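Enquirer: Each chain, letter by letter, is given below.
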Amino acid sequence: MKGWMGKSKALFLFTMLALFLAGCGKENLTALEPKGYGAERSMDLIILTTLIMIGVFLVVMVIYVIALIKFRRKKGQEDYIPKQIEGNHKLETIWTVIPIILVLIIAVPTVIATFDLADESQASTSLNVEVTGNQYWWHFNYEDEEIVTSQDLYIPAGERVYLNMQSSDVIHSFWVPSISGKMDVNPENVNTMFLEAYEEGVYWGKCAELCGPSHSLMDFKVIVVSPEEFDQWVSDMQNVDPEQVPEGAVAQQGQALFEANNCMACHAIGSSPVATGPNLTNFGDRSTVAGILEPTKENLVEWIVDPESIKPGNKMTGAYPSISEEEANSIAEYLMQLKPSEITPESAGN
Amino acid sequence: MSITATQKRGFSAVLWDYLTTVDHKKVGILYLIGGGFFFLLGGLEALIIRIQLIKPENDFISAGLYNEMITMHGTTMIFLAATPLLFGLMNYIMPLQIGARDVAFPFLNALGFWLFFSGGVLLNLSWFTGAPDAGWTNYAPLSVQSPGHGVDFYVMGLQLAGAGTLMSGINFIVTIVTMRAPGMTYMRMPLFSWTTLVTSILVLFAFPALTVGLFLMMFDRMFDTAFFDVALGGNTVIWQHLFWIFGHPEVYILILPAFGIFSEIIPTFSRKRLFGYTAMVFATFLIAFLGFMVWAHHMFTVGLGPVANSIFAVATMAIAVPTGIKIFNWLFTMWGGSIVINSAMLWTLAFVPSFTIGGMTGVMLGASVADYQYHDTYFVVAHFHYVIVGGVVFALLAAMHYWWPKMFGRILHEGLGKLAFWTFFIGFHLTFFIQHFLGLMGMPRRYWVFLENQGLDTGNLISTIGAFFMTFGTIVFVINIVYTAMKGEKAPADPWDGRTLEWTLSSPPAHYNFKQLPLVRGLDPLWIEKTEGNGKMTPAEPLDEIHMPNSSIVPLIMTIGFFIASYGFIYQVDHKAWLIAVYVGMAIALGSMLYRSLKDDHGHHITKDELEREAD
Amino acid sequence: MSQDHSLNPETMPQDPAKATMEGKHKHLGLWIFLGGETVLFACLFGTYLALRNSTAGGPSSQDLFGLELVFLMTILLLTSSLTSVYAIYHMKNNDFKKMQLWFGITALLGISFLALEIYEFAHYIIDYGFTFRSSAFGSAFYALVGFHGGHVAFGLGWLIALMVRNAKRGLSLYNAPKYNTFGLYWHFIDVVWVFIFTVVYLMGMVS
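Protein chains in written order, with the working numbering: chain A, 1 to 350; chain B, 1 to 616; chain C, 1 to 207.
It is worth saying that the hints were derived from the structure and are not from the lab.
This structure is a prediction, so every number in the text was calculated from the model and none was measured.
Be aware that a few hints might be false.
[Stated by the list, open to error] Derived EDC-like pairs (lysine to aspartate or glutamate); straight-line CA-CA distance at most 20 angstroms:
(1) Lys24/C with Asp600/B
(2) Lys18/C with Asp601/B
(3) Lys18/C with Asp600/B
(4) Lys83/A with Glu452/B
(5) Lys530/B with Asp79/A
(6) Lys75/A with Asp600/B
(7) Lys74/A with Glu414/B
(8) Lys26/A with Glu57/B
(9) Lys178/C with Asp601/B
(10) Lys178/C with Asp600/B
(11) Lys168/C with Asp601/B
(12) Lys530/B with Asp236/A
(13) Lys168/C with Asp600/B
(14) Lys83/A with Asp497/B
(15) Lys83/A with Glu529/B
(16) Lys536/B with Asp497/B
(17) Lys26/A with Glu452/B
Looking at chain A on its own, in the form it has when it is part of the complex:
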């Protein structure tokens, strides 16, 4: 934020707060408190355009109010015939030229920012993640690092991370409002955008293109950790042993059930390419169950027994034989133990 822009931003936020007791919305979700490069560039333009528009609005309203008060027909004026005026070239020129200037003032920074955010020159030297949108979950593949995960996207703070995004089914849209504006995730081509988060934290992400009944439940998180923590996480994830036997009889039974029910046909543990369903390598570290529920075992049991009641239209429903609550409890016990890394959403603060 530079000079006057910073001040106007403060003023803008203050006005908004005063106007609006609820504030700017939830931290790390709202676009009104940008904490990343893209969100900040958007915010600059939002502030610039809002200020100009408020100015225009005030001019319109002043003329409007004066006209209404001054020229309202009063008693005794019933037969008054006002002068019929065809127009006024000077005035008409003024209100043609000034808007053109205002539009140019907005257009120039818009074009600059548009090219700025489309800049892919650093892509080859930065971290790249392949993002796949699915009904109704997100798949993240760190190809160079040979790490696969889902729902929680780990990225280092202060660095550009390029996302190469494609959909496996319908169109989705990847949106982490506090870090950056959105980009559609299309089935026919790869769209690239970058995230550059300034601060560590857990950020809400949402799908912003109607993708079916559970469109509103396709949330995800971006976990921004320090670069050191990120490297730690990468090496932890690379060293996962997918076959590791969990602790406790219940969890071991859960692992057996997980295999017996052929869960891995869709859900990989480790960096397997299987991506029919979310990769579960670090499931125990997840910030949520199914993207929306608190990460508790009870919620996971509920999900395994009847996913349809939580996310209508999801692809897991009916893809496996029915599972009793007790069996689900064992599987949940096993999955909650999949904690390959010290680096968790908690390490990112929050």
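Chain A is already provided as a structure; the job is to place chains B and C on it using the hints.
Expert: Only chains B and C this time, still in chain A's reference frame:
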């Protein structure tokens, strides 16, 4: 067939009259009835959406039903309510304003209405078996993969309604070009007639894009073609381009006639001629032209690249200039005038700030990088409701109060009108202003539920409360219509001290409109005669017999044919026996065309004697 | 205004198609309609251009198209446009028989065109298994060319209905505008074909 005779006839005779009518005034009333019905239906859907969003994680309706609700709300309001209501007004008022006895193609006019209406009915029949659920924008491939027949109803319903709209558009253009009264030059035409012309041009060039899009969608869903099938090389973005090449001009198809309505009402109730008439006409054309250059601003996040995004961003912002010209011209029409504030004027006055906000958020959305945040959030929802409700719906309600006396011979009740206005106006801002913030706070549109603890609760609650206010206002307006029909004050020919030709005719006008075509001496012809003449139009022709078109049931039968065929197309996917419906329906439709083409129809004449007997 | 619209050489106006109000409306209305049709075909062309290389492993335009047949079709349709001009010329001279004759030739040429198009499609389907389900290219090709073919078929039905209907009535101010609008429509279809010939076939064989 005089007016009094019409009033004395029984219900079935009146019904038959309307089913066969080719009179532009009756077709206009049919449009208003049809559009009004769908408006109430769409409003009910809106209310259900808002009730679902009254609190976090609500389960008032299921996720699937919610998607059907938003799809039908948007589709109904745009295609089946706003467009036909405006077309109804254009149909009724425009020929009167330009001094014509009818439209150029009365038969086509009736056919256009019936096609629109059957399309609307077809679309809404989908409620019984599952409505379309891919949003009113119906993006592929979600729409192609949508199970059931909902999207098929969408495709066929809009294809029918769209064909009807296209016909009306062509009809209006030819009418205005060829049928203006003597002396009614283009630059003397009232602004509402001007915007009718420009809107019709937009319809002509925009709707075929939708026709093609729907055609591709229909074939992909029903006959397994691969336009949007990525596995076979298809491309889903094509749908978005076709939809928005139509869809963006459609926004101007709605708003330009609204501008025209305000440009009639403001001068009348300010008792002052429209400020900057020439600039207003020019701005209308400029908006229409730019309207075709900006469709990809709906697609900033699709990944078209920075060059395309920049071009479309700047083109979008440019539209603010002619729109601003209009706003200031209206303000300066009022400036120095003698302003009367009644219900029609209240809606107009409410339009100015509301639409200014909507227009300004439009410029904000045009800034592509800012749009990366706004896109597909409640900010966009707020924006387009500010322009479509604050612009188009306010215009429609203003127009109802303004022209109701002309169309139905009675004046709408002022007290009820004001009550409806204030509740609707307050409810409107309560509902939609807060949504700007909801969007920026992270609430995408088309969300069935929003989760707890995301700071979205208060805003949504306020929004829903506003929706109830709007509902109340709408109900009061409907009560007003019923009350006026029964006990309303009878309207004279010129209740508002009007300026244009429609106010020279009785309320409602005779079915041939003008006994003798008037001689127009300038802009605001009636006003000129009031201030410089004897207050009456000078006839441009001697009293002579009038040639009028014959009524015909063929438009309705042709439409029924298309309707049956559409139903057949939808269900032949399940069972090939339904192809019989396709063939039968097409046979009826094409047979009607052939009948129309082969049977001579020279119309009829109203004799001089009859005209003299009906002398005022 | 008289109810009798039939013409004799003494009362015949210079341009019978546009002598009445209805005639003027029809003439202008059809021109405007063609404006809309232009957008319709432009959208189909756009779709075709976007998908013409999306063959999904199926036959491509180079595999399919042969110049001889398409060239013959082009000649037929262009000639039919010319013959319809002759027909309208005779209408203005109030020579009904010659007008019918030239319109008859126009119809025959149109039918031949349509027959060749059907043969062409059958050839692709039977010999190459290339249908509108084969690939996005297939869908786009059949949509564009088929839409044009549909327009030709509709135009033929229209023309034949007009000719049969008026065979015994002769030319009048009532039916002259109908022939005239058909003529305009037919020229439009012809122009669209020129674009199809260039964009689909010539470009398809080169690239």
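Enquirer: If a hint holds in the structure, say so; if it does not, say that too.
Expert: Evaluation of the provided hints:
1. Lys24/C with Asp600/B: Roughly 18 angstroms between the alpha carbons, so the hint for Lys24/C and Asp600/B holds.
2. Lys18/C with Asp601/B: 18 angstroms, holds
3. Lys18/C with Asp600/B: Judged against 20 angstroms, a Cα distance of about 18 angstroms means the pair holds.
4. Lys83/A with Glu452/B: 60 angstroms, violated
5. Lys530/B with Asp79/A: At roughly 13 angstroms apart (the allowed maximum being 20 angstroms), Asp79/A and Lys530/B satisfy the hint.
6. Lys75/A with Asp600/B: Violated, at roughly 61 angstroms.
7. Lys74/A with Glu414/B: The hint holds at about 19 angstroms.
8. Lys26/A with Glu57/B: 17 angstroms, holds
9. Lys178/C with Asp601/B: 13 angstroms, holds
10. Lys178/C with Asp600/B: Since the Cα atoms of Lys178/C and Asp600/B sit roughly 12 angstroms apart, the hinted pair holds (cutoff 20 angstroms).
11. Lys168/C with Asp601/B: 18 angstroms, holds
12. Lys530/B with Asp236/A: 89 angstroms, violated
13. Lys168/C with Asp600/B: 14 angstroms, holds
14. Lys83/A with Asp497/B: 16 angstroms, holds
15. Lys83/A with Glu529/B: This hinted pair holds, its Cα atoms lying about 16 angstroms apart.
16. Lys536/B with Asp497/B: 13 angstroms, holds
17. Lys26/A with Glu452/B: With Cα atoms ~11 angstroms apart, Lys26/A and Glu452/B stay inside 20 angstroms; holds.
The structure fails hints 4, 6 and 12 (numbered hints given earlier, in ascending order).
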